[in-house]
Every structure is written in C-alpha cells, then in structure tokens.
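*Asks:* Next come the chains, spelled out residue by residue.
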Amino acid sequence: MLATSLFSLLDFSGVAAGAFGGALEAKRHPTYKFDFVGVLGLAMISALGGGVARDILIQHGPPLALLDVRYLLVALTGGLVGLLAKLPAGSPLGKLLLVVDAAALGLFAVAGATRALDAGLFFLPALLLGITTAVGGGSLRDVFSGRAPRIFERGELHAIVALLAALVFLVAQQAGLNRTLATSLGLATGFTGRILALRFRWRTKAAG
Amino acid sequence: MLATSLFSLLDFSGVAAGAFGGALEAKRHPTYKFDFVGVLGLAMISALGGGVARDILIQHGPPLALLDVRYLLVALTGGLVGLLAKLPAGSPLGKLLLVVDAAALGLFAVAGATRALDAGLFFLPALLLGITTAVGGGSLRDVFSGRAPRIFERGELHAIVALLAALVFLVAQQAGLNRTLATSLGLATGFTGRILALRFRWRTKAAG
Amino acid sequence: MLATSLFSLLDFSGVAAGAFGGALEAKRHPTYKFDFVGVLGLAMISALGGGVARDILIQHGPPLALLDVRYLLVALTGGLVGLLAKLPAGSPLGKLLLVVDAAALGLFAVAGATRALDAGLFFLPALLLGITTAVGGGSLRDVFSGRAPRIFERGELHAIVALLAALVFLVAQQAGLNRTLATSLGLATGFTGRILALRFRWRTKAAG
Numbered sequence: 022m023l024a025t026s027l028f029s030l031l032d033f034s035g036v037a038a039g040a041f042g043g044a045l046e047a048k049r050h051p052t053y054k055f056d057f058v059g060v061l062g063l064a065m066i067s068a069l070g071g072g073v074a075r076d077i078l079i080q081h082g083p084p085l086a087l088l089d090v091r092y093l094l095v096a097l098t099g100g101l102v103g104l105l106a107k108l109p110a111g112s113p114l115g116k117l118l119l120v121v122d123a124a125a126l127g128l129f130a131v132a133g134a135t136r137a138l139d140a141g142l143f144f145l146p147a148l149l150l151g152i153t154t155a156v157g158g159g160s161l162r163d164v165f166s167g168r169a170p171r172i173f174e175r176g177e178l179h180a181i182v183a184l185l186a187a188l189v190f191l192v193a194q195q196a197g198l199n200r201t202l203a204t205s206l207g208l209a210t211g212f213t214g215r216i217l218a219l220r221f222r223w224r225t226k227a228a229g
Numbered sequence: 022m023l024a025t026s027l028f029s030l031l032d033f034s035g036v037a038a039g040a041f042g043g044a045l046e047a048k049r050h051p052t053y054k055f056d057f058v059g060v061l062g063l064a065m066i067s068a069l070g071g072g073v074a075r076d077i078l079i080q081h082g083p084p085l086a087l088l089d090v091r092y093l094l095v096a097l098t099g100g101l102v103g104l105l106a107k108l109p110a111g112s113p114l115g116k117l118l119l120v121v122d123a124a125a126l127g128l129f130a131v132a133g134a135t136r137a138l139d140a141g142l143f144f145l146p147a148l149l150l151g152i153t154t155a156v157g158g159g160s161l162r163d164v165f166s167g168r169a170p171r172i173f174e175r176g177e178l179h180a181i182v183a184l185l186a187a188l189v190f191l192v193a194q195q196a197g198l199n200r201t202l203a204t205s206l207g208l209a210t211g212f213t214g215r216i217l218a219l220r221f222r223w224r225t226k227a228a229g
Numbered sequence: 022m023l024a025t026s027l028f029s030l031l032d033f034s035g036v037a038a039g040a041f042g043g044a045l046e047a048k049r050h051p052t053y054k055f056d057f058v059g060v061l062g063l064a065m066i067s068a069l070g071g072g073v074a075r076d077i078l079i080q081h082g083p084p085l086a087l088l089d090v091r092y093l094l095v096a097l098t099g100g101l102v103g104l105l106a107k108l109p110a111g112s113p114l115g116k117l118l119l120v121v122d123a124a125a126l127g128l129f130a131v132a133g134a135t136r137a138l139d140a141g142l143f144f145l146p147a148l149l150l151g152i153t154t155a156v157g158g159g160s161l162r163d164v165f166s167g168r169a170p171r172i173f174e175r176g177e178l179h180a181i182v183a184l185l186a187a188l189v190f191l192v193a194q195q196a197g198l199n200r201t202l203a204t205s206l207g208l209a210t211g212f213t214g215r216i217l218a219l220r221f222r223w224r225t226k227a228a229g
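Protein chains in written order, with the numbering used here: chain V, 22 to 229; chain Z, 22 to 229; chain F, 22 to 229.
If you are wondering where the hints come from, they were derived from the structure by calculation, not from laboratory data. Heads up, a few of these hints could be off.
[To be verified] Far from chain V, some chain Z residues (derived; all Cβ distances over 10 Å):
#1 F33
#2 R49
#3 P51
#4 Q80
#5 L101
#6 K107
#7 V120
#8 L142
#9 A193
#10 G197
#11 L219
[Unchecked claim] Below, in silico cross-link-like pairs of lysine-lysine (DSBU-like), each with a Cα-Cα straight-line distance of 35 Å or less:
#12 Z/K226 with V/K116
#13 F/K54 with V/K116
#14 V/K54 with V/K116
Note that the Cβ used here is the ideal one computed from N, Cα and C, for glycine as well.
Isolated chain V, as found in the complex (with noise of 0.2 Å):
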C-alpha cells in the first residue's frame, strides 16, 4: 500500500520531470524557433510518449495516460513551468532533475515491463517495452524535433541502463519474488545505474 503510494508519487514525479525538461530542450533547439505550442506539445511528447507507445504496441485498450486524466494535468503543468522557467547552468534544481530523470528511468522500464505482463506478453517482448517506456517519450521528441533519437547516438547509456532496470524487475518476478520486491530493485538497478553512469561519465562509442 504503501510502496504503491510511493510507486505512484515517483511515477507522476517522472512524468513532470520528463514534461519540464522536455519544454527546457525545445525552447533552447538550436535550428527552430518553437512557440509555446511547439514548447508545450514536445514537453507532452516527451512526458507521455514512452508510456503511450508501449500502449498503443500492446494494443490491451486506450493508453493510460488518455484514461487516467492526472497524466495530462502533471504534464501539462511541467510543461508550463518549464515554458516559464529559467533554469541556470548547474543550479540547485537541475541537479534535483537529474536525480528524478534517474529513478524515473527505472520505474518507467519496470512499469512498462509490468503493463506488458499483464497483457499476456512474454520475457522477451516485455522487455522491450519496458525499455521504450523508458526511452520512448525522448525519442519521439527528438523524432519530431527534426533528428533521429539521441539515444541512438550516445545516450550516456539511457537504453542500457532501462534495460537493465527491466532485466533485474523480470528475472525477480519469474524467480517468484513478489511484485512489490521486483519492483523496488528494477527501481534500484536503474537509479543506480543512471548515477553512476552520470557520474563516472560512462559512454559508448560509435559502431561500425
């Protein structure tokens, strides 16, 4: 109960983390000039995009964020904020965003794992969802922003890391760990991951 009260609070947290710094990223592109639509609607994108292409590719009913009208309203106003903000080079907040883009991306792959199962999927496929849950919202905005999806490009292991949150969640839950366990470690697998990956500056190189 408990657990899925905090589960809830982190995931609407990521969403309006996802909408802020959505808005932020298209407000400073560096070839278009966005009004506050394009502003608004890449923050959107961003915020809501993952979780609604794994729901329109599980095809199990309207995506959540189109049922449950609190997405729409958090996005929306991380949305605003972030049209409306300044935020300086190395505040105090943009560290406080990186911290919530971290346990977000782990929640994000797990949940998108979990929704998945649910609809009678399997390992593998599930899998994958989870990881375009995790990096879908992103790569869509950069889709249409113009460009193809920084993940493809470097991507400071994002994909790496969601898969590895989705993997751990998996593993757990066929190991016959409970829902709530599986959960909070693919949630740590991926938070851990993210922060040291931020930290030690991991990278991958270019293939081919």
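Here the structure of chain V is known, so what remains is to put chains Z and F in place on it, guided by the hints.
*Replies:* Positioned in the frame of chain V, the structure of chains Z and F alone reads:
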C-alpha cells in the same frame, strides 16, 4: 439529417483539400525531390494522418479511414489532382482552398473530440484528441518530410484555433445542447478563428 | 503445408535480411554516429517496423512481432550480425541480400494484405496495408534517422513493386484462387518486379 449530410460533405471536402495541399507541399519541397510515390504518400498522410492518429490513440477499432473506403478514395483523388495541378500564387483556387481548410480545421477538431467522447474518454483527453485530429495530419506530413511539425514553430494559430473549436463544442455539449448545435458552434468557432488569424496575420512568438 | 513452411522460412529470412541491412545502413550513416544501441534499434525498426505499423493500423490485437517471439529473436540476430559484420562492396553476400530482399518485398506485401483481409478490411485498405508492410520498416528507419523516407524520393520502385505484388494477390483471391496459389502469384510478381527494376535500373522521376 441535413446537418449530418452537411458535416459529411465538409468532412470529405476537408480530406480532399488536405490531400491536394499536401501534394503541392511535397512537390515544392526545398530539399527533397519527391517522386509521385512521395507526393501521393505525403498527400495521404496530410489528409488522413490526423484521424488515423486519433483512432490509434483511442484504440476503439480500426481507423475510420480504413473502414469507410470513401476516405481513401477522396484522399487519393485529392492527391492525384495535386500531383498533376499547377497552382499559380494568388489564384482563386488557392483562396478557395484556404476557406475549405479553415472550415475543415474546426470540423476535424470537433469530430476528433466527438469520437473521443463516444469511446468513453473524458473532457481533457477529448480536447487533446480534437487538436490531434485537426493538426495531426500536417504534423505527420512534416515529420515524414524530415522536419519538426510546422505548427510547433509558427503555426498561424492552427493548434490554438483547433483547441478553441474543440473547447466550444465540448462546453456546449456539457451545457446540455444537442450534438448538431454543439458541432455547429465548434465549427463556426474554428472557421471564424482561422479566417481572422489569416486576415490579421496573427502569429505566435518564439518561446524562451 | 510445404508452401506454409516455405512462406514462413522466407518471412523470417526477410526479417533477418531487413535487420542486417538496417544495421549496415545505420553504421554508415553520413551525419549521425550511431552507437550499438542505435544500430540495433534501427535494425529492429527496419525489420519489424512495417509489420508492426500494419498491426497497429488494423487494431486486431498486439503486433505479431510481439506475440511470436521468433520475430524479435531473428531481428536481433540479424541486427547483431550486421553490427559486427563488414560487407565489402560487390561481395557475394551483398548480392544474396538483394535476392532475399526482393523475395521478401513481395511476401511482406502479400502477408500485409492477407492480415488486412482477415481483419475484415476491404480491397483498397488491404492494398494499402500490403504496401505499408513491405515498405514501412525502411520508411520508419529513415524517419528515425532524421530524414524523409527514401521510397518517397527515388525508391527504385519499391512501393510500386509492393503495390503490384499485393494487387496480383488480391485480384487472384477475388477471382477464386486458393490462398497458397494467390500468395505464390503475388510473391512471384514482387520478386520479378524487384529484380527487373534492379537489373534495368528503373527509376521514377521527381514530380512537379
């Protein structure tokens, strides 16, 4: 009955105009040299993409554009005419197109909100899906032309006018007006808003 | 029975070839430096994107690629081989790939039309979904690489060959031929058309 026929006529006119305009856009693309496949493909995405995106998001059965074959036929015809036509700047047909587009913008927004309500969604998601229906086709055409949606940049208030049309419709419905009247009010709002925005060259400013 | 096994073998060969080709494309992208996440991601989009787009449009349950885990495994394997392989220009493997691709183009077009018919859609939407299945993966890969679909530009007649293959299949079905025969005719049309287009360097011209 008469109103339904009128709405339907306007709907298909909007689809034809969208396809025609999409084909012209594709032919004069600044960097890509599209062949007839590209011109027709982008014409169909322009004309039908908004409704298809809405129906995929609602997950309430296959998109209308695949169930009612008239949509494909009208879009194909509009695209073919656009492929073959030459439209000199300032021609009377160009002005007619703007008027049809203005009427279709409001109708598409209202139709999108209507389908969302019929699928059991609430006010705010219905509003968002109304906007998606109205501006989704043009946005997807832009993304499939390798750029960010133009409505994110300057938009000549397309998204805001679509929002107002869907909003007036939804409020009128909730106030107890019957659907034909509510639809007409939404449509009138969209048409007037779009024409005023064109007439007075209303523009949004870049954010940030 | 034998025919079904043959079609299935060809289907998976097409998925593997699509993933392999997608990975090679991603590695030698002119502007982006994709890492292994990007190469594998674009490989999977190339291989499975067309079928997934079709299944999302049909809205007849989750995409085949998520239900039958062999699709993910084959696409991942093809992508991994493409990630690690070097393919010198004019190598025999390159020629084999072209042949597999030519066979897969027709099969994907026919398979897409088949699934559309089975979902209760009519001739014209089934035709469109056949084309979507055949050329959708490459198109989505292009969009997720920040550009317009190449089949919109020059295409070496990909879309037209896919259209012909689906058309021959659909007409044969309507003429009362059994499905195996109709499928074989569509497949042969696609294969022959693609090989002829390559052999004689048939190209479309820019429109407008």
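*Asks:* For Z/R49, which was marked as not at the interface, is the minimum beta-carbon distance to chain V over 10 Å?
*Replies:* Non-interface label on Z/R49 holds, nearest chain V Cβ at 18 Å vs cutoff 10 Å.
*Asks:* Mind verifying the non-interface call on Z/K107? Its CB should be farther than 10 Å from each CB in chain V.
*Replies:* 29 Å, holds
*Asks:* Does the claim that Z/L219 lies off the interface hold, with its Cβ farther than 10 Å from every Cβ of chain V?
*Replies:* 17 Å, holds
*Asks:* When you look at the beta carbon of Z/L101, is every beta carbon of chain V farther off than 10 Å?
*Replies:* 28 Å, holds
*Asks:* Per the stated criterion, does the least C-beta distance between Z/A193 and chain V lie above 10 Å, as a non-interface residue requires?
*Replies:* Fine: 20 Å to the nearest Cβ keeps Z/A193 off the interface.
*Asks:* Please confirm whether Z/Q80 is truly not at the interface, meaning its C-beta sits more than 10 Å away from all C-beta atoms of chain V.
*Replies:* 5 Å, violated
*Asks:* Taking only the CA atoms, is the gap from Z/K226 to V/K116 under or equal to 35 Å?
*Replies:* 30 Å, holds
*Asks:* Would you mind confirming whether the straight-line C-alpha gap from F/K54 to V/K116 stays at or under 35 Å?
*Replies:* Measuring from Cα to Cα gives roughly 28 Å; hence the hint holds.
*Asks:* Can we trust that Z/L142 is non-interface, i.e. its beta-carbon lies farther than 10 Å from all of chain V?
*Replies:* The claim breaks: Z/L142 does not keep its Cβ more than 10 Å from every Cβ of chain V (closest is about 6 Å).
*Asks:* Minimum C-beta separation from Z/G197 to chain V exceeding 10 Å: can you confirm that?
*Replies:* Given that every Cβ of chain V is farther than 10 Å from that of Z/G197, nearest at about 22 Å, it holds.
*Asks:* Would the hint linking V/K54 and V/K116 be met if the CA-CA limit is 35 Å?
*Replies:* Cα-Cα ~26 Å, so holds.
*Asks:* Would Z/V120 pass as off the interface with chain V, using Cβ distances and a cut of 10 Å?
*Replies:* For Z/V120, whose nearest Cβ neighbour in chain V is about 23 Å away, the distance exceeds 10 Å, so it holds.
In this structure, the earlier hints numbered 4, 8 are contradicted, and the remaining ones agree with it.
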